[in-house]
Amino acid sequence: PDNSAPVWRTVIWFVSTYLITRWPPGAGRAPAFWMPTDEMTFDHERDALVASITRFVDALERSPKTKTVGNIIGRTSIKRWSRIHGVHFNHHLRQFGA
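Read in my numbering, the sequence shown has 1226 at position 82, and its numbers run on one by one without any break.
Bear in mind the hints are in silico, worked out from the structure with no lab data behind them.
Glycine is no exception: its CB is placed at the ideal position from the N, C-alpha and C atoms.
The reader is advised that the hints may include incorrect statements.
Unchecked claim - Derived CB-CB ranges, DEER-like:
{"#": "1", "residue 1": "Trp1152", "residue 2": "Glu1183", "range": "32 to 38 Å"}
{"#": "2", "residue 1": "Leu1193", "residue 2": "Pro1145", "range": "34 to 40 Å"}
{"#": "3", "residue 1": "Gly1241", "residue 2": "Trp1152", "range": "31 to 37 Å"}
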């Protein structure tokens, strides 16, 4: 659902993708994502991540103007999402020293 407000989504977008491109440790951490389950293995999670990135890049290359809805940033193009994902992914690579 789009729970965004015009001013808030504009501020979040600008701050999180242009001002703070090096997110601080723990920024926006959701507790559910920090609770591994018994069925999670590194290989499974890596393969799921690679598959998800591949689907995203394929969709971006096919139609960069396609709009999707984000809970906080509202309706935005998949091209704008690529900026958010790039900053986010880089944050996690730095967490692991990559």
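Now the hints, each set against the structure:
no.: 1; hint: Trp1152 / Glu1183: 32 to 38 Å; in the structure: 36 Å, holds
no.: 2; hint: Leu1193 / Pro1145: 34 to 40 Å; in the structure: 25 Å, violated
no.: 3; hint: Gly1241 / Trp1152: 31 to 37 Å; in the structure: 34 Å, holds
Of the numbered hints listed earlier, the single one contradicted by the structure is hint 2.
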